[in-house]
Amino acid sequence: DGGITQSPKYLFRKEGQNVTLSCEQNLNHDAMYWYRQDPGQGLRLIYYSQIVNDFQKGDIAEGYSVSREKKESFPLTVTSAQKNPTAFYLCASSPGRNSYNEQFFGPGTRLTVL
Amino acid sequence: GQQVMQIPQYQHVQEGEDFTTYCNSSTTLSNIQWYKQRPGGHPVFLIQLVKSGEVKKQKRLTFQFGEAKKNSSLHITATQTTDVGTYFCFRLDTGRRALTFGSGTRLQVQP
Chain E
3 DGGITQSPKY LFRKEGQNVT LSCEQNLNHD AMYWYRQDPG QGLRLIYYSQ IVNDFQKGDI
63 AEGYSVSREK KESFPLTVTS AQKNPTAFYL CASSPGRNSY NEQFFGPGTR LTVL
Chain Y
415 GQQVMQIPQY QHVQEGEDFT TYCNSSTTLS NIQWYKQRPG GHPVFLIQLV KSGEVKKQKR
475 LTFQFGEAKK NSSLHITATQ TTDVGTYFCF RLDTGRRALT FGSGTRLQVQ P
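Line by line, the protein sequences give chains E and Y.
The opening position of the first sequence corresponds to residue 3 in my numbering, with each subsequent residue numbered one higher.
The opening position of the second sequence corresponds to residue 415 in my numbering, with each subsequent residue numbered one higher.
Just so you know, the hints here were simulated from the structure itself, not pulled from any lab data.
Each hint should be verified, as a subset may be incorrect.
To be verified - BS3-like, lysine-lysine: derived pairs with alpha carbons at most 30 Å apart:
1) Lys59(E) - Lys73(E)
2) Lys484(Y) - Lys473(Y)
3) Lys484(Y) - Lys59(E)
4) Lys483(Y) - Lys465(Y)
5) Lys59(E) - Lys16(E)
6) Lys450(Y) - Lys11(E)
7) Lys72(E) - Lys85(E)
8) Lys59(E) - Lys11(E)
9) Lys450(Y) - Lys73(E)
10) Lys473(Y) - Lys450(Y)
11) Lys484(Y) - Lys450(Y)
12) Lys465(Y) - Lys450(Y)
13) Lys59(E) - Lys85(E)
14) Lys59(E) - Lys450(Y)
15) Lys473(Y) - Lys59(E)
16) Lys450(Y) - Lys470(Y)
17) Lys59(E) - Lys471(Y)
18) Lys59(E) - Lys72(E)
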């Protein structure tokens, strides 16, 4: 069953703790993306990666970090430097090494920082 | 970053009425994609437009790309309750590394 998985669906953390959100895809896609969505808002790009071991900052990268050691995995770490981390985090992937292809989204992780 | 404005922000229609959302950019777009996100769900790709003046149809949905490639629209004819959700345009321009979602239009359909 091909697709993108994100786990967990809901995540709670205390303020000041780093937390890592997982994103795995078995679609053999080259490009992967992380977006943040706040209630009633659009999606804002955090980071994206077009090939393994390379990634680019998006519009709101401050307070976040990523790695792309394997093609199928693109974990996102929300650090304590992120001032307002509570949000819905969506991971996506697309075939090819450019962004002209449709993006396939995972189910998302709702992070709540208490 | 580059801004993509969508209007309206919200629309409530009676089932059977038409609906249109507009996506406007201050700069020329390389191409544009449209996505739909159901309440509580994740965005799902609908269509991609590339050519100036391009019009594409998917059953009751009609997508249009402006002649100047600065705006786009999504029109739904005779809405159904299954059309409920938020519709986003997505601007991509790899030359400037700009990947931007519009603010979205939330559609509510009254049965």
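The hints, checked one at a time:
1. A threshold of 30 Å between alpha carbons decides the hint, and for Lys59(E) with Lys73(E) the separation of about 18 Å falls inside it, so the pair holds.
2. As the CA atoms of Lys484(Y) and Lys473(Y) are separated by approximately 25 Å, the hinted pair is consistent with the 30 Å bound.
3. Under the criterion of a C-alpha separation no larger than 30 Å, the hint pairing Lys484(Y) with Lys59(E) is consistent with the structure, at around 25 Å.
4. Simply put, Lys483(Y) and Lys465(Y) have alpha-carbon atoms about 8 Å apart, close enough for the 30 Å limit, and the pair holds.
5. At most 30 Å may separate the alpha-carbon atoms for a hinted pair to count; Lys59(E) and Lys16(E) meet this at roughly 26 Å.
6. Of the pairs offered as hints, the one joining Lys450(Y) and Lys11(E) holds, with about 20 Å between alpha carbons and a cut-off of 30 Å not exceeded.
7. Annotation: proposed proximity of Lys72(E) to Lys85(E) holds, straight-line Cα distance about 29 Å (limit 30 Å).
8. The hinted pair formed by Lys59(E) and Lys11(E) meets the criterion: a straight-line CA distance of about 24 Å does not exceed 30 Å.
9. This hinted pair checks out: Lys450(Y) and Lys73(E) have alpha carbons roughly 27 Å apart, not beyond 30 Å.
10. At roughly 15 Å between alpha-carbon atoms, Lys473(Y) and Lys450(Y) fall within 30 Å of each other, so this suggested pair holds.
11. With a CA separation close to 21 Å, the supplied pair Lys484(Y) and Lys450(Y) stays within the 30 Å bound.
12. Of the supplied pair hints, the one linking Lys465(Y) and Lys450(Y) holds, its CA atoms being roughly 21 Å apart against a limit of 30 Å.
13. For the suggested pair Lys59(E) and Lys85(E), the alpha carbons sit about 17 Å apart, so the restraint of at most 30 Å is met.
14. Taking the CA atoms of Lys59(E) and Lys450(Y), the gap is near 25 Å; set against the 30 Å cutoff, the hint holds.
15. The hinted pair formed by Lys473(Y) and Lys59(E) fails the criterion: a straight-line CA distance of about 38 Å is larger than 30 Å.
16. For the given pair, Lys450(Y) sits about 16 Å from Lys470(Y) by alpha-carbon distance, which is consistent with the 30 Å threshold.
17. A threshold of 30 Å between alpha carbons decides the hint, and for Lys59(E) with Lys471(Y) the separation of about 35 Å lies outside it, so the pair is violated.
18. For a cut-off of 30 Å, the pair hint linking Lys59(E) to Lys72(E) stands: about 18 Å separates their Cα positions.
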